[in-house]
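Can you join these two chains into the complex? Each is in its own frame, and there are hints to help.
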Amino acid sequence: MTTQAPAGGKTTSAQSPATSTVFVSQRSFGDFFRRPETGALVGTLLVFVFFAVFGGQQFLSSGGVASWLNIAAELAIIALPVALLMIAGEFDLSVGSVVASSSVTLAVVSGTWGMPMIVGIFAALLLGVLTGLVNGIMVARTNVPSFIVTLAMQFALAGLTLGLARVLTGSTSIPIPNDPALKAIFGTLINGQFEVAIFWAIGIAIVVAWILQMTKYGNWIFAIGGDAVSARASGIPVVGTKVALFVASSVGAALVGIIQTLLYNGAQTGTGQSFVFNSIIAVVVGGVLLTGGYGSVVGVMLGCLTFAIVNQGIYYTGWNSDWASLILGILLLAAVLMNNTFRRLALSGGKAKAKN
Amino acid sequence: MTTPLLTLKNVSKSFAGNHALSDISLEVNAGEVLCLLGDNGAGKSTLIKVLSGVHKPSAGTLTVNGEPVVFDSPKDAGDVGIATVHQYGGTFPLMSVARNFFVGKEPTKGVWPFRYFDQKKAGEITVREMQKLGITRVTDGNRLAGALSGGERQSLAIARAVYFGAKVLILDEPTSALGVKQATHVLRLIMQARAQGIAVIFVTHNVTHAMAVGDQFAVLIHGRKADGFRKGERTREQITDLMAGGEAMAELEADLATLTGTVKIP
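Which chain is which? The protein sequence lines are U and G, in order. Just so we're aligned, residue 403 is where the first sequence starts under the working numbering, counting upward by one. Just so we're aligned, residue 129 is where the second sequence starts under the working numbering, counting upward by one.
Watch out, some of these pointers could steer you wrong.
If you want the footprint, here are the derived chain U segments under chain G, 3+ residues with CB under 8 Å [to be verified]:
no., region
1, 620–629
2, 687–699
Using 25 Å as the maximum straight-line C-alpha spacing, the simulated SDA-like pairs for lysine to any residue come out as follows [claimed, not checked]:
no., chain 1, residue 1, chain 2, residue 2
3, G, LYS184, U, MET616
4, G, LYS184, G, ASP200
5, G, LYS248, U, LEU749
6, G, LYS184, U, ALA630
7, G, LYS203, U, ILE539
8, G, LYS249, G, GLY238
9, G, LYS249, U, ILE539
10, G, LYS137, G, LYS203
11, G, LYS184, U, GLY637
12, G, LYS237, U, LEU749
13, G, LYS248, U, ARG543
14, G, LYS233, U, MET616
15, G, LYS249, U, ILE613
16, G, LYS233, U, GLY637
17, G, LYS248, U, TRP612
18, G, LYS203, U, LEU749
19, G, LYS177, G, GLU155
20, G, LYS249, U, PRO639
21, G, LYS177, U, VAL640
22, G, LYS137, G, LYS295
23, G, LYS237, U, GLN615
24, G, LYS249, U, ARG437
25, G, LYS177, U, VAL631
Covered stretches of chain U, as calculated for chain G (at least 3 residues, CB under 8 Å) [claimed, not checked]:
no., region
26, 562–569
27, 634–646
Simulated from the structure, these hints should not be mistaken for lab results. Keep in mind that this is a model prediction, so the values were computed, not measured. Cβ atoms here follow ideal geometry from the backbone N, Cα and C, with glycine treated the same way.
So here's chain G without its partners, still in its complex pose (with noise of 0.2 Å):
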């Protein structure tokens, strides 16, 4: 607990002169969730890619385990644990399941040049790594991803990056397209990672989902970390009015009200 797993300071990234991401910082621990919260085009996405190394941040540093990193591509974020599961679990439908599992991952057997994709055991592998995450429906490896249902794709994508070692999880609105039951087990799963020891960041809009399982949270505005808070310092109604732009509400409240008479918006 005493050197955080994964830091970022002061980082910023600007393109062609608009700043997308301007000064944030933020700390992830080990077994800890950090919900990132913000409305669409806050910047939550761009802070993604800074962590995943898709972009390189214009100014700031990434530091992991006290180290500082720089990442050239997403290898090197995966290299060193990091890994992001997107709205779809980046998952391929006409796949069978252990081929998804497995992408990019291959087990193999045999001498070159007859060396082959184990699928025997990359079956195995990915329906008891699947079993392990309460996804009891899949029995055989050789199912096509995309005969499972949002939640089960999602435990498919957080399966295999728990499996390959991930030490910090970054789940992109991950409870976004799934109904209230799968979005609770997708939560549960969450929870399962951060009993593991693993640093989940948990990027969403919806803060019922992010109070339900966060430490601590940071709220995104226009590129800006515009407060950040440990579980319990804030209530729902503090949360949802600081991401709706509470100013910008009170503003539009008082124009509607010149225009129309007393105007309350609930």
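The following block holds chain U by itself, in its conformation from the complex (with noise of 0.2 Å):
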């Protein structure tokens, strides 16, 4: 049909406005299937109806929807700027030492040494930039990969987050004081059941996606992410946007450090490890092509809430939650041949209709 068109077009050279409104039409039916979050659209609606059926009215309640909402949140804060940094090519496999450290740099700051929370909460996202910037420039200068660069740091960072916590607090659980202000902004339950962080991951989520689509930056980090040779030709500064893109991801991690502890009045040492495979898999199965180069940020939004329907909505069924580790392996392999799909069809520019 879109191959026609311009054909048309050429033989009448004042083409009617009837004609051009039909063929728009036409396009952007089209034009939807070759966006990158389509394949992550089905998936989300593909779960949440199984769910819908066998998880039945729990699932659909309140309650059901806040406990899927709070992982999609807290997922989503992280998975926002590691899509930013996959885009680009590159991997952070860091953010779930950040994720504790930046709790329990908290949790030492204001509850052990007793400073304001606010001093604390500092801390924490300092400790982010930091994270971050030593990730970014190691990566810049080393030449090596990013995604050992990155899980270098969430061992070593796992290791110093464990046996700096013994050594000043002699525990690996260190409680903090009440701050109802700063607990109102972070870490409080909207109606006793919404975590506040679901309005952090939809703030971040605007901002993000004003980036990536609307601002020169966002066009920086696909070109780079495609090729970065042609880019740094082209004039863009390759390693200045990857080392902030690596800020952004720890700071992320970080705030979902901030988020849990102030949730749940303390730190653990261990907590956040899960983040590490769970965004890779929220940013992949929503539309991220691994490589670099492609993706949407609607799409990483569907895949966090794709994720937290598959993890949350297994309780609801009545099943051995074991069950869901099984659903998420199955659904990360579909939604990456789903997306490779319409990739392919989005490059085929309509051409692949003509053929067929």
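This is the structure in structure tokens:
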């Protein structure tokens, strides 16, 4: 269909408005299947319907909805910047330890040492910034793949957190005093069910979507992930952009560390490790290309929802929760295969239809 | 025509004692096509990298409009109007045509922190510039560049370079990965750029393509300029012979003759 339209336009140089509107509407329908988030949307709808059927009323009750929205929100705060990094062609496997270490930092500074809560929060964010800087500069300067650099950081930081927590507090579980104002901002439950993290996630999604789709920095991120050599030749500051993205993903993880600490009134040294793989699952299910250069914020948000629905939905079915990981594994593979298909369709630019 | 746009004088480049380029002198004038011919490993890529600011020459000078220049980065070369388009055009297949066109030079609108990439303007300019180069199939800047053919992607890269004010356009093997029809289109683009007063350096090992558009020619062999001539001064056979390393071929023929009796390689 779409291939015929330009040919028609050539024969009649003055195209009538009527034909061009038809042309546009046909195009946008076809475009739907060529968007990076189409596969993710199908996945989300599928698991939602599946658990709505088998989980019943409980899954759809406000308590049920809150249980998966909360998981999705915390995951999204980390997955969104991780997605930007992956679109730029890099991994961050250190987010798990950043959650734990920032949480412990906040608890030590404001709990053990008794400083104001806001100081602890800034210390935790600073830790995120520093980790991101080290990750980014190491990747840029040494040319060691980010997979290795951040994996090393993940282990090193986990050890450092555990070791220092024991030295400084003699415990792996550190309580914090109550601070109602800051708890309201970071770690309260609205209506006793919904975490404020949901609003943080929505806010961050809007900012990240703006950066990726609307600003020149988004164009740089896509270009760096598409082909770093050509991007550098086009005058894009590749190193600076990548370092900024590593900092963003560590700060996202630190924010989740702060949220969890205020929510649970204390820090655990072992917290947050599951975010490493969960963020990658959410991002890839959301249609981001693992090798970079392609992806969207809407897709990542849907990926987070899909993950959270499967993760929590299983409890409402009455089945053994052991099956959740099996579903996630199958879902991940299915999502990637589906995303590949949709991406091929996008690259064919309408030619696939003509062939069939 | 009095001062050449770009001049290389006795340029050499060596890597750890290996001479990749020795004593190359070239002149490129505005509105002329210089064809750089040579076999694989003749030093064409090194010469391109010297011209586009990737490598600094070990010896010799570059002058632009009569003034000596030293490039510390590809950006410096770009600033004086030297643009390089590589074999696959340096395009990003998973980005839209408009995003490709303006990569690194995005037009923005609004005030910080709400300054945004003006994609409407980018799309309009991209489609207009592509149409100028005869790519009428592109009517929407939002199409992915990966959906374009190889020749169209070359056109996109050339259109981008010309739009951003390239005075010297270096095309690195633009036709070698293309079919006959698309290669013809790229050759036509070279003539269009030439007509606009751009100096084109066309790097190729295809003698037919070179002879179709070239005003002057330089043949590189083992990092040296083996021959330099203007249009019409050599026949196709002479050029092909030279590129194939004439003497080396004669030697091979002689060797084969002693081994198997008289053999004439056509």
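Hint-by-hint comparison with the structure:
1. 620–629: Result for this restraint: holds, n = 7.
2. 687–699: holds (count 3)
3. LYS184(G) - MET616(U): Measuring from Cα to Cα gives roughly 37 Å; hence the hint is violated.
4. LYS184(G) - ASP200(G): holds, 7 Å
5. LYS248(G) - LEU749(U): Holds - the C-alpha atoms of LEU749(U) and LYS248(G) are around 21 Å apart, at most 25 Å.
6. LYS184(G) - ALA630(U): holds, 22 Å
7. LYS203(G) - ILE539(U): holds, 23 Å
8. LYS249(G) - GLY238(G): holds, 13 Å
9. LYS249(G) - ILE539(U): Violated, at roughly 36 Å.
10. LYS137(G) - LYS203(G): The given pair, whose Cα atoms are some 22 Å apart, holds under the 25 Å limit.
11. LYS184(G) - GLY637(U): Roughly 18 Å separates the two Cα atoms, so the pair holds.
12. LYS237(G) - LEU749(U): Roughly 29 Å between the alpha carbons, so the hint for LYS237(G) and LEU749(U) is violated.
13. LYS248(G) - ARG543(U): Distance of about 37 Å is beyond 25 Å: violated.
14. LYS233(G) - MET616(U): holds, 14 Å
15. LYS249(G) - ILE613(U): Judged against 25 Å, a Cα distance of about 18 Å means the pair holds.
16. LYS233(G) - GLY637(U): This hinted pair holds, its Cα atoms lying about 8 Å apart.
17. LYS248(G) - TRP612(U): holds, 16 Å
18. LYS203(G) - LEU749(U): Roughly 31 Å separates the two Cα atoms, so the pair is violated.
19. LYS177(G) - GLU155(G): Cα-Cα ~17 Å, so holds.
20. LYS249(G) - PRO639(U): holds, 24 Å
21. LYS177(G) - VAL640(U): holds, 20 Å
22. LYS137(G) - LYS295(G): holds, 19 Å
23. LYS237(G) - GLN615(U): holds, 14 Å
24. LYS249(G) - ARG437(U): This hinted pair holds, its Cα atoms lying about 22 Å apart.
25. LYS177(G) - VAL631(U): holds, 13 Å
26. 562–569: As far as the region 562–569 of chain U goes, the hint is violated, because 0 residues have Cβ atoms under 8 Å from chain G.
27. 634–646: Answer holds; 5 residues pass the 8 Å Cβ test.
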